[in-house]
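A.B. asks: Residues per chain, in single letters:
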Amino acid sequence: MNMDAKIPGGPLEEKWSNYKKNAKLVNPANRKKIDVIVVGTGLAGSSIAASLGEMGYNVKSFCFQDSARRAHSVAAQGGVNAAKNYKNDGDSVYRMFVDTLKGGDFRAREANVYRMAECSLNLIDQAVAQGVPFGREYGGYLNNRSFGGVQVSRTFYARGQTGQQLLIGAYQALMRQVHKKTVQLFTRHEMLDLVVIDGKARGIIVRNLDTGEIERHAAHAVVLATGGFGKIYYLSTLAMGCNGSAIWRAHKKGALMASPSWTQIHPTSLPQSGDYQSKLTLMSESLRNDGRIWVPLRENEQREANAIPEEERDYYLERRYPAFGNLAPRDISSRAAKERIDAGFGVGALKNAVYLDFSKAIREQGVAKIKEKYGNLFDMYRKITGIDAYKEPMMISPAAHFSMGGLWVDYELMTTIPGLFALGEANFADHGANRLGANSLLQASVDGYFIAPYTMANYLSGEIHTGKIPTDHPAFDEAEKQVKEQLERFVHSKGTKTVDQYHKTLGKLLYDYCGLSRNESGLQFAIAEIRKLRNEFYENVHIPGTVDTMNAELEKAGRVADYLEIGELMCYDALTRKESCGAHFREEYQTPDGEAMRNDADFQFISAWEWRGKDNEPTLHKEPLVFENVKPIVRSYK
Amino acid sequence: MKLHLKIWRQKDKNTQGKLVDYWLEDVNPHMSFLEMLDTLNEKLVLSDEMPVEFDHDCREGICGQCGVMINGLAHGPLKNTTTCQLHLREFKDGETIVIEPFRSKAFPVKKDLKVDRAAFDRIIASGGFVSVNTGQAPEANSIPINHETAESAFDSAACIGCGACVATCKNGSAALFTSAKISHMAKLPQGKEEREHRVLNMVHQMDNEDFGHCSNTEACEVECPQSISVLNIAQMNYEYNRAKVLKK
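Chains as they are written, first to last, in full-length UniProt numbering: chain A, 1 to 638; chain B, 1 to 248.
Since the hints were made in silico from the structure, they are not lab data. Just so it is clear, CB atoms sit at the ideal spot from N, CA and C, and this is done for glycine as well. Take these hints with a grain of salt, some might be off.
Covered, in the sense of this in silico footprint (three residues per stretch, anywhere, with C-beta under 8 Å from a C-beta of chain A), are these stretches of chain B [as the list claims (entries may be wrong)]: (1) 39-48; (2) 91-104; (3) 113-119; (4) 129-137; (5) 143-150; (6) 181-191; (7) 232-244.
Here are the in silico distance ranges between beta carbons for each label pair [unchecked claim]: (8) A:N535 with B:H213: 37 to 47 Å; (9) A:T466 with B:P138: 34 to 44 Å; (10) A:A343 with B:S227: 38 to 48 Å.
Let the hints inform the model, and build the full structure from the sequences given.
C.D. replies: Here is the structure:
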């Protein structure tokens, strides 16, 4: 298995420049001869499709939503990081690199992380030029806020809708290319398989979700920018349609999956209120800038929040992590909340939440200022819960949020299948074992705008003499046949349970045994249960209707079938990583005061998994992590 | 609580649809409106009937994919709220709720409650952007934009493209949607270079779709989940006349 990360030579600061200096190019006349498929229209997908279109490549862009503007990047609230140092508070590319590497608990590649920080500068410029209305100071210059896990203010924001505004910028750039006919856009199309010819990614099989039609599309390279698979937990902050199917089907065609068990559980989501619930709404982490997190000091407290006096409140983050307080990184904040909730100090009807309190900030800054900063979040909170957070504390709880893991990619963002690239959350590259807040919009954007345009040209320069890829190749026949067989099998399955019922059962299993904390026997139990559940699913799921029409249950069935395999791999990944790092907390490996215990001697590597067939254990490959610039230290936010 | 639902069922775009009655016993008032539809669909699936197709995705009010007419109101009774953010506590026990798609000539029904809003994408493609390629941007702070201008541009840019404005308008006009983008861009220095071409192209595209004209009833603003102001329409008209006078 070729797992060369292809890190360029030279000092850290010069690696990306060196790469760009030496990368091969495709001249403008030849770009017309090259076809590229981009799956997904979030920040990473829209930005790479638009950028390639601008350069003159023939691009086909696919999304399952009814418009490219609806991809889930739209939901990121708080902001996007960039090391502009506009606040003169000591920020730099190097500082951002160190923060990100440390935030990820030293489980990411130095060169990738440094490049992301470096490209962050251009991203803000690009977004402003597109008309993204970032928050500004009265003098007209860009404003920043601070975010979890760092001590500088480097987060750019557009009220609580930064993801929406960045995505609209990218979507508009994409639609401009659609108008110019450099990009063909296929909305309501879902990728169901990757086509590999002579070892190279050469196309995809998609289903038109409106008509049920199966289509073949060929290209010289395929980009998967299909986001994360946190929806595997069923209850999550993700959109209902988010799924892992594109990357999983590519995985089964030979692309390795890296660290799939590293799932970020976000600390500030709304708590679950009942069994009918379909998603957990995220309240932006930016709220922690002014909100203070606490639980009652007394177990099983019955009084209303406002009736509990100051001295009977436990501001546990400020207590345990005085240096970072309420801005401790997400993994640490979520685990600390779980610790208090499990110990019986949770609040709310189901005792599954903690308070996020703005009374001090409102006293100090006034209601108007808080409203300007977070007005839409407070409104959203009121709509969902019926509670006015200007008057009483919010109730929040941890929820599955972001997949740090994903397809293994090298420095060029190419997977182990030549010609198959993975961008944004779909890859594993930059966040290590825990992503810092406001780095996801950043990573998705820089992958698409500034990195892949160079690395893909380097690959595509070898394709200028290839000619059109035919869609009548036997590899297309075979892939299409398998896709059709699976769909037919589903619609003939008339059992007693719905797809969602299986999804919920799987989600609960993973949340309990492969969620905020994990242990060996729990993971082994979960693997056995998932296998049973998967067999039952194929015997007993009920799918109505036919394959040749719009059929939402059929769409979900394919995604859940994949989740039932991804879930098992997540458990293997968590089981074999006998250390605690970032979001991965193995109960067996903790300090006496409950902090994560990393094991650099044995586990300073990226786990990359190879598919060995449905009934076989996957094979683990290791990419060692080398730290030449920063010495891994024990991550302390105390 | 108990609910009596009358839901628009339509097999596909070429088949005549009709309202079908459903009864739900024992739903929780804390459920969201879409979770109530999930509950109904689960029952339908298990009795081997086709579930009700409806658009939805993020379920936190920002993707703009959801949207149905609820008792004749776009996104239902709560002001400035998407369908996904509506909860059953807004309804009475035993209430009859009529659920229909966002009807408009420009939004053909695809199936049940799902409509085709691709016309919106075509309007944006016709000019709703700044023509800046990746890599061309100058340093972000080189052009100051005062706080109020940035905030005002944001107010226009906040549109989620759900189409409630069109569904609500008796004329089926897309003026609020189109004008929000035109204003967003016209307010910012980055958008000023193409100001005239943009408004002419976008209005032209809007007219070429099956949208009706704006007759200033302001119903759109009332139902808009993002409270996009009708003043954007005034700005669009101003921009249009200005561009015509300048004969660009």
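A.B. asks: Each hint should be assessed against the structure and marked as holding or not.
C.D. replies: Here is how each hint holds up against the structure:
no.	hint	in the structure
1	39-48	holds (count 6)
2	91-104	violated (count 0)
3	113-119	holds (count 4)
4	129-137	holds (count 9)
5	143-150	holds (count 6)
6	181-191	holds (count 5)
7	232-244	violated (count 0)
8	A:N535 with B:H213: 37 to 47 Å	violated, 59 Å
9	A:T466 with B:P138: 34 to 44 Å	holds, 38 Å
10	A:A343 with B:S227: 38 to 48 Å	holds, 43 Å
Consistency with the previously given hints fails for numbers 2, 7 and 8, ordered from lowest to highest.
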